[in-house]
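> Here is how the chains run, residue by residue.
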Amino acid sequence: MSTATEKPKLAVWKFASCDGCQLSLLDCEDELLAVADAIEIANFAEATRRVVDGPYELSLVEGSITTAHDAERIRQVRAQSKFLVTIGACATAGGIQALRNWRDVAEMASVVYASPEVLETLATSTPISDHVPVDFELRGCPVNKKQLVEVVLAFLHRRKPLVSAHSVCLECKLRGNPCVMVAHGAPCLGPVTQAGCGAICPAYNRACFGCYGPMESPNTAALSAQWSAMGVPDRDIMRAYRSYNGYASPFREESDKHDH
Amino acid sequence: MTTDPSATPPRNTRTIKVDYLARVEGEGAMHLSVRDGRVDDVRLKIFEPPRFFEAFMRGRHFREAPDITARICGICPVAYQMSSCHAMESAAGVRVTGQLRELRRLLYCGEWIESHGLHVFMLHAPDFLGYPSAIEMAKDHREVVEMGLKLKKIGNDIGNVLGGREIHPVNVKVGGFYKVPSKRDFAQLAEDLKWAADAAEKTIRWTAELPFPDFEQDYELVSLSHPDEYPMNEGRLVSNCGLDIAIAEYEEHFQEEHVPYTNALQSVHLGHGAYFVGPMARFALNFEKLTPRCRAVAREVGLEASCRNPFRGIIVRSVELLYACEEALRILAQYEPPEASSVEVDASGGTGSGCTEAPRGLLYHRYSVDENGDIAEAKIVPPTSQNQKTIENDLRRLVPDFLHLDDEGLQWQCEQAIRNYDPCISCATHFLKIHREDAPA
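Quick mapping for you: the protein sequence lines, in order, are chains C and U.
In this text, residue positions in the first sequence follow our numbering: the first is 1, and each later residue adds one.
In this text, residue positions in the second sequence follow our numbering: the first is 1, and each later residue adds one.
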């Protein structure tokens, strides 16, 4: 607990991931030095070799759990953290590496490594919430840095983060994008995907590919039916749901329906 | 843990372990064992959990490769997008030319500026000046850190305008882009890049004044080389030891080995051994392809193509910062939006390879695609895998000169030597704590 004289301590933790979501913090070029004045960056290996012991006011967690060691490490992180927020698709949904969850990991290891027996890895890649209680999940592959700053500020001020749970479709309307599905017949995941990115793909003449994961109560069945009517083969529907957030329940279940 | 090494008798063994390397991208550790003043064993251990990209890519559509492989690394997603696109295009026998090729180069300039800006100012410079991070460094060198952040931001702005966002851009596709920007979209960038080029020149002069250990080594330097330009996306693979091959011949000359203590595969040049990729290799092998301003400033600060001191890599990286700014300005000045945002590419039934210059060095991709357009086989060799043996060799040679240091000092020196390579461990596979055991031999 911070006092008037002591700055709240922030820790950033990495599990299986690409580093992109924590890099989003360093990408806050205009805010970084001001943020560092207001909080103590107590543990953030990508940015500093200085480590201040916990407990921490806020832990940001990037990455999914793929090893027994990491399954134990996240429990220790939770124990030292007043608030724990996951950042990004890996920590929130298992990430692209959760594609292993549909495959035999031993066979996969043998594809990449000559001596797979020495690898320490679990059969699955799972989100942080499968292992410890999580106070907030920030979506995105990668997260939106403005949302990231909002979440950090919200937790430091003990208020609810202003992060909407509606679909990308609303952001498209706000941005004035023509609908890529209606206008161009492009199979778009926007109707079932949570907003937050600013509808960038449709703004670049491209269908949404779901990198923010499922919105609240998505109607995936209706969207898949529409895609089928547009002539999209089941295999492509399965692959579209089964990507960066493929292991998030609504996308996982819908992808399984098209896995023949 | 440990005693003052200077107080220990010479026959003792010191074991130095750094459990978590800081200010690198990804999770790694270092293990060093010293006996009688000689390094017995050195291991750069990458414990970043394996994610099996090459395995789960199988059965994905070839058009998904740029987006999926970008997720290998949040620091250099463009490199992954470029290498995968070129590999797929080579499988289809298609070449992307003209303004689309220039736009790809512009996007790469953005990534070089962002990644080099991050490394020079936030990850590496604090080592030279004795700060744990750029944030502490900013307390005494606020203007420098602010300049670095602004430079990095301009690199990211290129990614935003052309790629849609800085991390994992959405606008890259096999064959080109989903949408090409208008000239007006680039107006602000052109103004900002002029400032950035001047800031990059200041960075070269600033980094050249940093204290460097005397550590010239003999390396085989490997990079792309192109007859008309400083290499980014295309060229032949060359080295200072006579290598001169096409990208498609890469696997005949380089091989990855799985070393049991690390989750990254280590590369060797067959018949030669360890090699060096990244800015110092590119600079040495392509010096004449730099702009006149880059060459002049480099020479003024005493940096020649013959530089073989990896600690001075921070100056080389700064020269490349200037190059990327000037090259981006050149591309913007001649830019005319192409009529089509991409060319048609069908990689079905083909096999192709691509190799491009990620900020930290060569990134090789090869794919085989089946008749349905699904990826049948994928091979990816990231730059840090290629530098891993060279980093270990550097530590082996460096440590005997610094045994007089206390634990903290020796650890820091080792960390700095590793950071010379801007290792991206998320690609190949984070940073250091030292445990030292001094026991009688």
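Don't read these hints as lab results, they were simulated from the structure.
Check the hints yourself; a few may be wrong.
[What the hints assert, rightly or not] Simulated restraints on C-beta separations: (1) E252(U) with G176(C): 15 to 25 Å; (2) M230(C) with G98(U): 49 to 59 Å; (3) V232(C) with L210(U): 48 to 58 Å; (4) E252(U) with H260(C): 49 to 59 Å; (5) P133(C) with T97(U): 18 to 28 Å; (6) Q217(U) with V232(C): 35 to 45 Å; (7) K139(U) with E150(C): 24 to 34 Å; (8) H69(C) with D370(U): 50 to 60 Å; (9) A225(C) with D228(U): 26 to 36 Å; (10) G176(C) with E209(U): 49 to 59 Å; (11) A106(C) with S348(U): 25 to 35 Å.
[As the list claims (entries may be wrong)] 30 Å max Cα-Cα, derived BS3-like pairs, lysine-lysine: (12) K289(U) with K146(C); (13) K173(U) with K146(C); (14) K183(U) with K173(C).
Glycine included, each C-beta is placed from N, C-alpha and C at the ideal position.
> All hints are to be evaluated individually against the structure, with a verdict given for each.
How the hints compare with the structure:
1. Distance hint check for E252(U) and G176(C): the Cβ-Cβ separation is about 53 Å, which falls outside the suggested range of 15 to 25 Å.
2. Between M230(C) and G98(U) the Cβ separation comes to about 33 Å, which falls outside the hinted range of 49 to 59 Å.
3. Restraint check, V232(C) to L210(U): a C-beta distance of roughly 56 Å satisfies the suggested window 48 to 58 Å.
4. Evaluation of the 49 to 59 Å hint for E252(U) and H260(C) yields a failure: the beta carbon distance comes to about 40 Å.
5. One distance hint, 18 to 28 Å for the beta-carbon pair P133(C) and T97(U), is violated here, with the actual separation near 54 Å.
6. Look at Q217(U) against V232(C): about 55 Å separates their beta carbons, and that is not inside 35 to 45 Å.
7. The hinted range of 24 to 34 Å is satisfied by K139(U) and E150(C), whose Cβ atoms lie roughly 27 Å apart.
8. About 37 Å separates the C-beta atoms of H69(C) and D370(U), a value inconsistent with the hinted range of 50 to 60 Å.
9. For A225(C) and D228(U), the Cβ-Cβ distance of about 52 Å falls outside the hinted range of 26 to 36 Å, so the restraint is violated.
10. Take G176(C) and E209(U): their Cβ atoms lie about 50 Å apart, and the range 49 to 59 Å holds.
11. Restraint check, A106(C) to S348(U): a C-beta distance of roughly 30 Å satisfies the suggested window 25 to 35 Å.
12. Only pairs whose Cα atoms come within 30 Å are accepted, and K289(U) paired with K146(C) is rejected, the gap being roughly 39 Å.
13. Restraint check for K173(U) and K146(C): satisfied, since their Cα atoms lie roughly 26 Å apart, inside the 30 Å limit.
14. For a cut-off of 30 Å, the pair hint linking K183(U) to K173(C) stands: about 25 Å separates their Cα positions.
Going down the numbered hints, you'll see the structure goes against 1, 2, 4, 5, 6, 8, 9, 12, while the others check out.
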